[in-house]
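Colleague: Taken in sequence, the protein lines are chains A and B.
Okay, so the first sequence: first residue is 1314 according to this note's numbering, each after it adds one.
Okay, so the second sequence: first residue is -9 according to this note's numbering, each after it adds one.
Heads up, some of the hints might be wrong.
Unchecked claim - Pairwise CB distance ranges, derived in the manner of DEER restraints: (1) 130/B - 1417/A: 48 to 56 Å; (2) 1370/A - 130/B: 32 to 40 Å; (3) 1423/A - 149/B: 51 to 59 Å; (4) 199/B - 1335/A: 56 to 64 Å; (5) 130/B - 1605/A: 35 to 43 Å; (6) 1335/A - 153/B: 36 to 44 Å; (7) 235/B - 1451/A: 53 to 61 Å; (8) 1329/A - 297/B: 29 to 37 Å.
Claimed, not checked - Derived pair list, reagent style SDA-like, types lysine to any residue, alpha-carbon separation capped at 25 Å: (9) 1341/A - 232/B; (10) 1341/A - 13/B; (11) 306/B - 9/B; (12) 1341/A - 52/B; (13) 1341/A - 58/B.
Since the hints were derived computationally from the structure, they do not count as laboratory data.
The structure presented is a predicted model; accordingly, all values stated were derived computationally and were not measured.
From the three backbone atoms N, C-alpha and C, an ideal C-beta is built for every residue, glycine too.
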Amino acid sequence: MRRWLLIVSGLLLVILAVIFWQESHRIKPIALVPTLTGQVEYCLTCHSDLAQISNSHPIQTFGCVICHGGERLALTADLAHSTMRGGANPSDYSVVQVSCGGANCHSGTAASYNDHIQRATTSIQETYAGAIASILYTFGAEPDLTARYATSAVQDPGSTTGITSLAAFAPPPTSNPAILAFATNCLNCHISGQPLPGTRTFHFTGCAACHTPTQIEPGTGENLPPADQIHKLTTAISYTQCDTCHNRGNYDLRSMTFQPRQDQPLDRLHDYYQPIAQFTTCEYELDCIDCHTRVEAMGNGNLYGKETDIQYIQCKTCHGTTTDLPQTKTLTDPNDIAFRQAQLNPVVSLKLGDTILVTSKGEPLWNTLLSSDGTYEMIDKVAGVRYTIPLVKGSGCLQDPSRQDSASCHLCHSVTR
Amino acid sequence: MRPTFFHHLHPPTIPARQARFRYTLAAGGLAVFLMLILLVTGILEMFYYIPTPDQAGNSIQTLVFLVPFGALVRNLHYWAAQFLVIVVLIHLLRVIFTGGYARPRRFNYLLGMLLLVIVVFLDFTGYILRWDEGIRWALVAGTNLVKSIPLIGNGLYTLLVGGSQPGGATLIRFYSWHIFGLMLPAGILVAWHLFRVRRDGGIAVPPAALRKDHARISRYELVRREVLAMLLALAGLLLLSVFVPAPLAAPLTATSPLGETARAPWFFLWVQQMLKLGNPFLWGVLVPVAALVLLGLIPYIFPHPSGAELGSWFPKGNRFAQLIAGLLFLAILILTALALLPAS
Chain A
1314 MRRWLLIVSG LLLVILAVIF WQESHRIKPI ALVPTLTGQV EYCLTCHSDL AQISNSHPIQ
1374 TFGCVICHGG ERLALTADLA HSTMRGGANP SDYSVVQVSC GGANCHSGTA ASYNDHIQRA
1434 TTSIQETYAG AIASILYTFG AEPDLTARYA TSAVQDPGST TGITSLAAFA PPPTSNPAIL
1494 AFATNCLNCH ISGQPLPGTR TFHFTGCAAC HTPTQIEPGT GENLPPADQI HKLTTAISYT
1554 QCDTCHNRGN YDLRSMTFQP RQDQPLDRLH DYYQPIAQFT TCEYELDCID CHTRVEAMGN
1614 GNLYGKETDI QYIQCKTCHG TTTDLPQTKT LTDPNDIAFR QAQLNPVVSL KLGDTILVTS
1674 KGEPLWNTLL SSDGTYEMID KVAGVRYTIP LVKGSGCLQD PSRQDSASCH LCHSVTR
Chain B
-9 MRPTFFHHLH PPTIPARQAR FRYTLAAGGL AVFLMLILLV TGILEMFYYI PTPDQAGNSI
51 QTLVFLVPFG ALVRNLHYWA AQFLVIVVLI HLLRVIFTGG YARPRRFNYL LGMLLLVIVV
111 FLDFTGYILR WDEGIRWALV AGTNLVKSIP LIGNGLYTLL VGGSQPGGAT LIRFYSWHIF
171 GLMLPAGILV AWHLFRVRRD GGIAVPPAAL RKDHARISRY ELVRREVLAM LLALAGLLLL
231 SVFVPAPLAA PLTATSPLGE TARAPWFFLW VQQMLKLGNP FLWGVLVPVA ALVLLGLIPY
291 IFPHPSGAEL GSWFPKGNRF AQLIAGLLFL AILILTALAL LPAS
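Here chain A stands alone, though its shape is the one from the complex:
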């Protein structure tokens, strides 16, 4: 009996030694107390290698949990991640209000220029209202092109466009097969749609669809898989991000299927894919967001029935016409949104008194400047390259003054490949 006692005591000592060894080799938690929450979180214990998501969201201020959710104290992956919002992407529209919203964050008012969630979730890029209406009309399901449906039900009682709500597009099984095929195959590119399989079309959903740059495999130009994507939010959105939806192939209206492009473009001219599009130099040299404004891309809070109701930038916005110079304004208000936009993406340092171009609706093109020598400049929002904007007035342009839309410009100004 005494011998057994000794043996078991020895065994117990070994176990205790293992416990002490294990305790001394326990993972050392890395604490962070973000000033916005004041609550300690230990996410950095494992994720210290992640880059800060953006300069507007400093880690010391925001931490991780305020956006991502999760169990801030847990040091095992399963438990820590169990309550994360939207998986790796808290900006998915199913959770965006909790993750990114709030009066001081991105559900603010139009007056504070912070109503991003309201604008983006009602924007045509999310509702897809025009495409749906067009298909329903084409195949006889609706009597006209009026927008009645969106990718999901959306209401905006304050909408000034006459459209205050759109129902969820869910065609009954008895619908025209083409409409059913459209519903199945062609709703992948709105903001909250899951991207099609295949690396070229990969992007996150929600805000991150545009604001988190998809990482591309150097050499092949293929998008990297989700696990290799980076922790970044940016307003310097490269054309490649827009391309994950807008330039990756075409919908075949006969078979109602998406036909991914098969070519391997070697330069930007050939990367511009739309086979029948007419376009000119600035449309493949610049980035899309250099001309297309925040209201065009993210909406203005109203529900629209089709893309052309909200997309309004024309060549003349920057280049003017044969008779008129482009519209400008001199920055006199320190609270002008142009300053805020330039601060978020500091490719240009605007000052009070600077003169910049504005659109026909008064939106500032904050990446433009009227130089002291009278030339107009545009600074590429992604690459930071300066371009001098050629003006129509005073050039040899022979255009009919009554036909100043972009399509008319493209009759002469169009590249051929």
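For chain A, the structure is supplied; the task is to place chain B on it using the hints.
Modeller: Relative to chain A, chain B alone:
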């Protein structure tokens, strides 16, 4: 050698035949040992645990992930609690299968049954204190079972839950039950139970005249055996605690729904399985209580073993009691196994 305090807790000698592990299964002694472990680790946990819905989950996570040896303390508490239920049941079966409850030990048998009920409720209340997603079935379905009791159901539910639905009042009530309402009676009953073991003449043996084997061991040998059993149990508990952590899920939130896969704690799985048969009062309350009452009445309604049969396994004299208890536990085991099968 003068007996120490611990030796004095034992009789000077006890019959050798009934002191063997193969007879006692060490179940009663281990139950006391596990209770001591639970007491010590429970007190340590109380320094960190915050019994409010907002803080409970975070305070457990703090203990587990940040406090030195905190995870070990919690895991020990968890595993000791699970084994306590098992060991207490083994102890009960041993007493029934050896007829050890025979007069004059009938009252102590009842004290033991009461302790079994308290141990199960201690396990249940401790489990609720986790206040994480894993306890949702017990908190929602389990407490709603009380409502099914005619006449007093709704009142009892309010008393238990502290409102019309589980919340902060529920947690503080379960906490109070766990720490005071059940712990204090458990302590008193354990002392009483042990006292009655001595008062009733120690472990059940045949009267001296009928005894074949008169060999006895000393309290020193008994204590050595007990220490060996405790060391082995401690080693097992420590190993389990190091390699198999106690379950912990995300803190319970009011918004998360009751999932289809939500399970009762393992010791109530048999009740959860019976509830699938329908009537919650019948299957969730009446049948379990009837089973308990039947077990409790064994010394009072079924034949006892004869004096000569005492102190050995499966005496002929109480075969009926053995059969009843055996079938009852088999049914519970089968129901538990059925509940564990994946839903098809």
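Colleague: Work down the list of hints and note, for each, if the structure agrees.
Modeller: Hints, verified against the model:
The beta-carbon spacing between residue 130/B and residue 1417/A, approximately 36 Å, falls outside the hinted interval of 48 to 56 Å. Evaluation of the 32 to 40 Å hint for residue 1370/A and residue 130/B yields a pass: the beta carbon distance comes to about 38 Å. Residue 1423/A and residue 149/B have their C-beta atoms about 53 Å apart, which keeps the hinted 51 to 59 Å range intact. Separated by about 58 Å at the C-beta atoms, residue 199/B and residue 1335/A satisfy the suggested range of 56 to 64 Å.
Under the hint 35 to 43 Å, the C-beta atoms of residue 130/B and residue 1605/A, about 51 Å apart, miss the expected range. The hinted window of 36 to 44 Å between residue 1335/A and residue 153/B holds, with their beta carbons roughly 43 Å apart. The beta-carbon spacing between residue 235/B and residue 1451/A, approximately 60 Å, falls within the hinted interval of 53 to 61 Å. Our hint of 29 to 37 Å for residue 1329/A and residue 297/B is violated, since their Cβ atoms are close to 47 Å apart.
Between residue 1341/A and residue 232/B, the direct Cα distance comes to roughly 18 Å. Compliance with the 25 Å bound is thereby established for this hinted pair. The straight-line distance between the Cα atoms of residue 1341/A and residue 13/B is roughly 48 Å, outside the 25 Å bound, and the hint therefore fails. Taking the CA atoms of residue 306/B and residue 9/B, the gap is about 21 Å. The hint holds against a cut of 25 Å. This hinted pair checks out: residue 1341/A and residue 52/B have alpha carbons roughly 14 Å apart, not beyond 25 Å.
For the hint pairing residue 1341/A with residue 58/B, the CA-to-CA distance comes to about 11 Å; that is within 25 Å, so the pair holds.
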